[in-house]
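> Sequence:
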Amino acid sequence: MIYAIGDIHGQLAQLDRALALIAADGGGDAPVVFLGDYTDRGPDSRGVIDRLIVGRDAGRPWQFIKGNHDRMFQRFIESGDCHDVAIRSGLSWLNPRLGGDKTLASYGIVPDGPPVFDLDAQGREVLRDYPTTEGNLDLTALVDLARARVPDAHVRFLTDNPLTVTAPGHLFVHAGVRPGIALADQVEDDLIWIRDGWLDNTDDHGTMIVHGHTALAHPTHFGNRIDLDAGAGYGHPLVPAVCDDAGDWFILTDTGRQPIALAE
Numbered sequence: 001m002i003y004a005i006g007d008i009h010g011q012l013a014q015l016d017r018a019l020a021l022i023a024a025d026g027g028g029d030a031p032v033v034f035l036g037d038y039t040d041r042g043p044d045s046r047g048v049i050d051r052l053i054v055g056r057d058a059g060r061p062w063q064f065i066k067g068n069h070d071r072m073f074q075r076f077i078e079s080g081d082c083h084d085v086a087i088r089s090g091l092s093w094l095n096p097r098l099g100g101d102k103t104l105a106s107y108g109i110v111p112d113g114p115p116v117f118d119l120d121a122q123g124r125e126v127l128r129d130y131p132t133t134e135g136n137l138d139l140t141a142l143v144d145l146a147r148a149r150v151p152d153a154h155v156r157f158l159t160d161n162p163l164t165v166t167a168p169g170h171l172f173v174h175a176g177v178r179p180g181i182a183l184a185d186q187v188e189d190d191l192i193w194i195r196d197g198w199l200d201n202t203d204d205h206g207t208m209i210v211h212g213h214t215a216l217a218h219p220t221h222f223g224n225r226i227d228l229d230a231g232a233g234y235g236h237p238l239v240p241a242v243c244d245d246a247g248d249w250f251i252l253t254d255t256g257r258q259p260i261a262l263a264e
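Sequential numbering of the sequence shown, starting at 1, is according to the working numbering.
Treat the hints as calculated values from the structure; they're not laboratory data. Source: prediction; values computed, not measured. Heads up, a few of these hints could be off.
What the hints assert, rightly or not - With a Cα cut of at most 25 Å, we get these calculated SDA-like pairs of lysine to any residue: (1) 102 with 59; (2) 102 with 90; (3) 102 with 85; (4) 102 with 139; (5) 102 with 197; (6) 102 with 152; (7) 102 with 61; (8) 102 with 234; (9) 102 with 135; (10) 102 with 147; (11) 102 with 170; (12) 102 with 17; (13) 102 with 28; (14) 102 with 216; (15) 102 with 79; (16) 102 with 80; (17) 102 with 124; (18) 102 with 215; (19) 102 with 136; (20) 102 with 53; (21) 102 with 144; (22) 102 with 182; (23) 102 with 88; (24) 102 with 166; (25) 102 with 129; (26) 102 with 86; (27) 102 with 87; (28) 102 with 89; (29) 102 with 156; (30) 102 with 123; (31) 102 with 117; (32) 102 with 149; (33) 102 with 60.
Kindly generate the complete structure, drawing on both the sequences and the hints.
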């Protein structure tokens with residue numbers, strides 16, 4: 001058996017509940033694949049990363065995949081980059097819609113008002129002023145403060161996580177794969193961001209693709225892929241899932257296993 005948890009997005013209480021459901025079903029040392037997006041939007045990204053690192057360092061058979069929000073957070077700390085080429089709207093990672101402000105707040109950098117942006121020639125948000133309980137900060141000061149507050153171990157965790165995890169008959173990835181491209185030739189931007197050309201694809205990829213990234217009302221089996229993002233980043237419950245030894249998938253609930261929903 002192998003268990004999987006979709007996008008967590010800073011929801012520590014939901015993560016603890018999901019882990020408790022897994023422990024009740026498969027024991028405390030059950031193998032778990034985490035599908036990325038540990039940060040942003042929810043209230044405790046720091047607590048989520050702490051919990052995952054503690055479990056990893058205790059020797060639990062947990063595997064972690066990098067998500068697009070994890071990369072945005074990592075790049076902000078490393079270089080002050082607030083943008084990603086895949087965000088066509090030009091939104092900054094610091095915009096509350098993307099949730100970087102909630103991540104920084106979990107490290108003690110607490111907003112005291114909305115961030116103020118200008119727009120550059122490409123229509124991207126450029127931070128002018130970030131009000132905090134410690135004063136108004138420009139981008140340079142904000143990055144410096146974040147580097148002082150975010151533990152190196154958290155940055156290493158975000159940096160070192162792989163883009164995929166394999167198990168018999170399955171490929172675990174954050175967003176999906178580019179159809180028509182060999183799995184060995186997939187590129188990072190697709191693996192952590194793809195939607196167009198992927199979500200409506202019905203090809204047999206030679207293995208079951210298990211992913212998150214695209215929030216649904218509940219985890220859903222599409223025949224060639226399984227989407228486990230049930231919208232925890234938007235305040236919905238985090239729903240863990242399990243694949244049994246026969247290759248059948250179930251979600252875990254307070255009343256036990258239930259077959260994963262099939263796409264209509």
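> Does each hint hold? Answer for all of them.
Going through the hints against the structure:
1. 102 with 59: Since the Cα atoms of residue 102 and residue 59 sit roughly 29 Å apart, the hinted pair is violated (cutoff 25 Å).
2. 102 with 90: 19 Å, holds
3. 102 with 85: Judged against 25 Å, a Cα distance of about 22 Å means the pair holds.
4. 102 with 139: 16 Å, holds
5. 102 with 197: At roughly 31 Å apart (the allowed maximum being 25 Å), residue 197 and residue 102 break the hint.
6. 102 with 152: 19 Å, holds
7. 102 with 61: 29 Å, violated
8. 102 with 234: Holds - the C-alpha atoms of residue 234 and residue 102 are around 13 Å apart, at most 25 Å.
9. 102 with 135: 17 Å, holds
10. 102 with 147: 16 Å, holds
11. 102 with 170: Measuring from Cα to Cα gives roughly 33 Å; hence the hint is violated.
12. 102 with 17: At roughly 21 Å apart (the allowed maximum being 25 Å), residue 17 and residue 102 satisfy the hint.
13. 102 with 28: 30 Å, violated
14. 102 with 216: 22 Å, holds
15. 102 with 79: 19 Å, holds
16. 102 with 80: 17 Å, holds
17. 102 with 124: Distance of about 20 Å is within 25 Å: holds.
18. 102 with 215: This hinted pair holds, its Cα atoms lying about 19 Å apart.
19. 102 with 136: Given pair residue 102, residue 136 holds - Cα atoms ~17 Å apart, limit 25 Å.
20. 102 with 53: The hint holds at about 20 Å.
21. 102 with 144: 17 Å, holds
22. 102 with 182: Violated. Residue 102 to residue 182 sits at ~37 Å, over the 25 Å cutoff.
23. 102 with 88: 22 Å, holds
24. 102 with 166: 32 Å, violated
25. 102 with 129: 16 Å, holds
26. 102 with 86: 21 Å, holds
27. 102 with 87: 19 Å, holds
28. 102 with 89: Measuring from Cα to Cα gives roughly 20 Å; hence the hint holds.
29. 102 with 156: 20 Å, holds
30. 102 with 123: 24 Å, holds
31. 102 with 117: Holds, at roughly 17 Å.
32. 102 with 149: Measuring from Cα to Cα gives roughly 14 Å; hence the hint holds.
33. 102 with 60: Violated. Residue 102 to residue 60 sits at ~28 Å, over the 25 Å cutoff.
Checked against the numbered hints given earlier, the structure breaks hints 1, 5, 7, 11, 13, 22, 24, 33 and satisfies all the rest.
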